[in-house]
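*Asks:* Please build the complete structure, drawing on both the sequences and the hints.
Number of protein chains: 2
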Amino acid sequence: MSVSICTIGELIVEFLAKHKNQGFSQPGEFLGPFPSGAPAIYAAQVAKLGFESTLFSCVGNDDFGQMNIERLRNEGVNTDGITVINKAPTGSAFVSYRNQFERDFIFNIPNSACGYLSPEHLDESLLSRCTHFHIMGSSLFSFRMIDSMRKAIKMIKKNNGTVSFDPNVRKEMMNIPEMQQAFDYILEYTDIFLPSEGEIHYFSDQKNASETDIVKQLINNGVKHIVIKRGAEGASYYHANQELHIKSNAVEMIDPTGAGDCFGATFVSLFLAGYPVEQALKYANASGALAVSRSGPMEGISSMEDIAKFLAR
Amino acid sequence: MSVSICTIGELIVEFLAKHKNQGFSQPGEFLGPFPSGAPAIYAAQVAKLGFESTLFSCVGNDDFGQMNIERLRNEGVNTDGITVINKAPTGSAFVSYRNQFERDFIFNIPNSACGYLSPEHLDESLLSRCTHFHIMGSSLFSFRMIDSMRKAIKMIKKNNGTVSFDPNVRKEMMNIPEMQQAFDYILEYTDIFLPSEGEIHYFSDQKNASETDIVKQLINNGVKHIVIKRGAEGASYYHANQELHIKSNAVEMIDPTGAGDCFGATFVSLFLAGYPVEQALKYANASGALAVSRSGPMEGISSMEDIAKFLAR
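Protein chains in written order, with the working numbering: chain A, 1 to 313; chain B, 1 to 313.
It is possible that some hints are incorrect.
No farther apart than 30 Å at their CA atoms in a straight line, the calculated lysine-lysine pairs in the DSS-like style are these [said to hold, decoys possible]:
id: 1; chain 1: A; residue 1: 151; chain 2: B; residue 2: 87
id: 2; chain 1: B; residue 1: 87; chain 2: A; residue 2: 20
id: 3; chain 1: A; residue 1: 20; chain 2: B; residue 2: 18
id: 4; chain 1: B; residue 1: 18; chain 2: A; residue 2: 87
id: 5; chain 1: A; residue 1: 18; chain 2: B; residue 2: 20
id: 6; chain 1: A; residue 1: 87; chain 2: B; residue 2: 151
id: 7; chain 1: B; residue 1: 20; chain 2: A; residue 2: 20
id: 8; chain 1: B; residue 1: 87; chain 2: A; residue 2: 18
id: 9; chain 1: B; residue 1: 154; chain 2: B; residue 2: 87
id: 10; chain 1: A; residue 1: 87; chain 2: B; residue 2: 20
Rough simulated footprint, nothing fancy, chain A against chain B, three-plus residues with beta-carbon under 8 Å [as the list claims (entries may be wrong)]:
id: 11; region: 24 to 34
id: 12; region: 108 to 116
I should point out that these hints are in silico values taken from the structure, not numbers from a laboratory. All of these numbers come straight from a predicted model, not from anything done at the bench. Quick reminder that beta carbons are idealized off the backbone N, C-alpha and C, glycines included.
*Replies:* Right under this line is the structure:
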C-alpha cells in the first residue's frame, strides 16, 4: 500500500514583524502574508517529499484563502478537502521575535474560517483514500475541530490505517479542559507520537517522572513509536525493544516556525514508506534544520534531494 | 447643555500595503498596526476638537486592543465604554491601494471582538451623559450591533438628545436585507444625515430621482439637516428653508481612509456647539482635506488650531 497522508486543521496567513522586539503596540513593518498553520506546513512538507498529501481545512472567501490554496496545490498537496466559506475570513497570525527562541503572537484562529471546520467538511471518499492521519495538537482548539478529528481517526482506523500525533502544545490552550480530554482520547489511537523534549512531561500523571519512565508508560499504554524532538540537540526514537538517538546538524537559526512540522512530516512519510528508522530520523532532523535556516513558516520545506544534498555537505 | 457625543461600532487595527497594487496574494510589506474603524476615527476627531467624546466598542484581550484603547485615551476619548473580551481577537483590516481612489480590503470585523458588542455592553449611566449619538452605517454588520444602536437611539432621544447618521455604505453589506431595514429605522430618528454624493441614491425609492428630489423627500420624512459630502468637490448643506454649498480645499491626496469620518465629526461637533452652519461646513471640509493628506486611518485627525491654520493659508 502506498503512503497517503492526511491532516486536518488551521490553514492561515502569517505576518512577521520585520524587526526584533517590534511587538504589536505601535505601527511598524510586517512581512506577509505567508501561508501558515502547523498542519498546512506539515501537509506541504509531505507533498514536497513526493508522497500523497491531503489537507482538510476551511479558508475565507478572500485573497488570503485563495493564495493559501494555490500555494499548497503548487507544492503538490491535494486541496480538494479545503472548503471556502463565507462566514468568516481566513485565519491569521502576527509574529514578533524577541530573540532566537522567544516569540510574541497574536492569533485569529478559532474565530476564523478554519475554526468552522466540522465533521461534515470531511469528504468520506477523499478520507478513505488516505492510509495515515496526522494530528497537530495546535488544531484542537474547538469542539467542531475535535469532532472532526474523531471522525477521521475512526475512518482511518477502520481501513487499517495509522495515526500520528504531534502535541504542538500552546501553553494558553492547556487551560481548556476539553483539550486535555482530547489529548487522552487521541493518544489511545496514536501509533507514532512526536512530542518535543519540553512537551513529553505533559503526558505523565506523575510529577517529576523521567523521560525514560514516561516513554515506557506510553509504550505500555499502546503507543508503538515515540520520537522526541530536541531541536538543536537532535532527536530520539523509542520502540518497545529499540532505542535510537541522533545528533543535530549545525545550522544558522533564522526562523524556527515550522521546523517541528517539517521534522514530523519527514519522519512520518519516510517511516511509513519503509525507510530504516535511522534514516527517517536523520532525514527528519535535516528537514527541521533546513526549515529553521529559512525565513517564513512554509518557506523552509525540503525535497528529498534538498535533504540528501544537505546531509552530504 | 454642552456637547457630548457618543458613537458605537468597530475599533480595529489596520495594515496598509506599502506599495500600490501590492494586493494580498503574495508576501509583501505592510505598515501597521494603525488604530482604525470609522466610529473610532470619528470619536478621536470629536475629542481632538475639544468636545466630549465616548466610544462604545469591544476589543480582544491582546496588544492590538490595548494599543487602540491607549491611543483613543491619549486623544481625549472617554474609553470607559470599551470592553475587553476573551472570546475573539481585536478586529483587523488589510488595505491595498490600486490608485488614489480604488482600494482592496480584507476585513475581519463581524467575527472579531467588536462583532460581539451587544446592548448589555452599553453602560446606561455612561450613555445618559451623552447629548448626541452618531451612527456609522459600516457598523451595522450584525444583529447584536443593530440592537445596540436601537438601545442607544432610544436612550438618547428619551433625554432629548439628537442623532446623526453617516451611511458609510460598503457595497458588500447592502446585500444584507436586515441592513436595509436598519437603515430605514435609523433614518426615522436621524436629525443630521451625512451621506456622500454617491450614497444619497440608496435613500430613494424612485430610480433616477435627482439629488434635490431625494433631499426634499428626506426632509419631508423628518430628517432636519442633510449634509452631502462631495470629497474634492466640496459639500452641501440642506435644511427645510436653507441651502448652502461650499467648495473644497486643494490638497495632495495621500490616503483617503478616514476623511469622511473626520468631516462628519467636525461638522456635527461644531454644528451642535452652535457654530454657524457655514463655518461648521468649512471646518468639516478642511478637516476632511487634512485627513486625506496624511497616511494612516486615524493619523489625519485635526485640532481646531490645525484647521484654522489650514484655512488661513
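*Asks:* Now, for every hint given, state plainly whether the structure supports it.
*Replies:* Verification of the supplied hints:
1. Pair hint residue 151 of chain A plus residue 87 of chain B holds up; C-alpha atoms about 26 Å apart against a cutoff of 30 Å.
2. Proposed proximity of residue 87 of chain B and residue 20 of chain A is supported: the alpha carbons are some 29 Å apart, at most 30 Å.
3. For the suggested pair residue 20 of chain A and residue 18 of chain B, the alpha carbons sit about 20 Å apart, so the restraint of at most 30 Å is met.
4. With a C-alpha separation of about 28 Å, the suggested pair residue 18 of chain B and residue 87 of chain A falls inside the 30 Å cut-off, and the hint holds.
5. Pair hint residue 18 of chain A plus residue 20 of chain B holds up; C-alpha atoms about 20 Å apart against a cutoff of 30 Å.
6. Of the supplied pair hints, the one linking residue 87 of chain A and residue 151 of chain B holds, its CA atoms being roughly 26 Å apart against a limit of 30 Å.
7. With a C-alpha separation of about 26 Å, the suggested pair residue 20 of chain B and residue 20 of chain A falls inside the 30 Å cut-off, and the hint holds.
8. A hinted pair counts as satisfied when its Cα atoms are at most 30 Å apart, and residue 87 of chain B with residue 18 of chain A qualifies at roughly 28 Å.
9. Pair hint residue 154 of chain B plus residue 87 of chain B holds up; C-alpha atoms about 28 Å apart against a cutoff of 30 Å.
10. Proximity of residue 87 of chain A to residue 20 of chain B is assessed by CA-CA distance (about 29 Å); at most 30 Å being required, the pair is judged to hold.
11. With 11 residues having a beta carbon nearer than 8 Å to a beta carbon of chain A, the region 24 to 34 of chain B meets the requirement of three or more and the stated coverage holds.
12. Coverage of a stretch by a chain is defined here by at least three residues with a beta carbon nearer than 8 Å to that chain's beta carbons; for the region 108 to 116 of chain B and chain A the count is 3, and the condition holds.
When the structure is compared with the earlier hints, no violation turns up for any of them.
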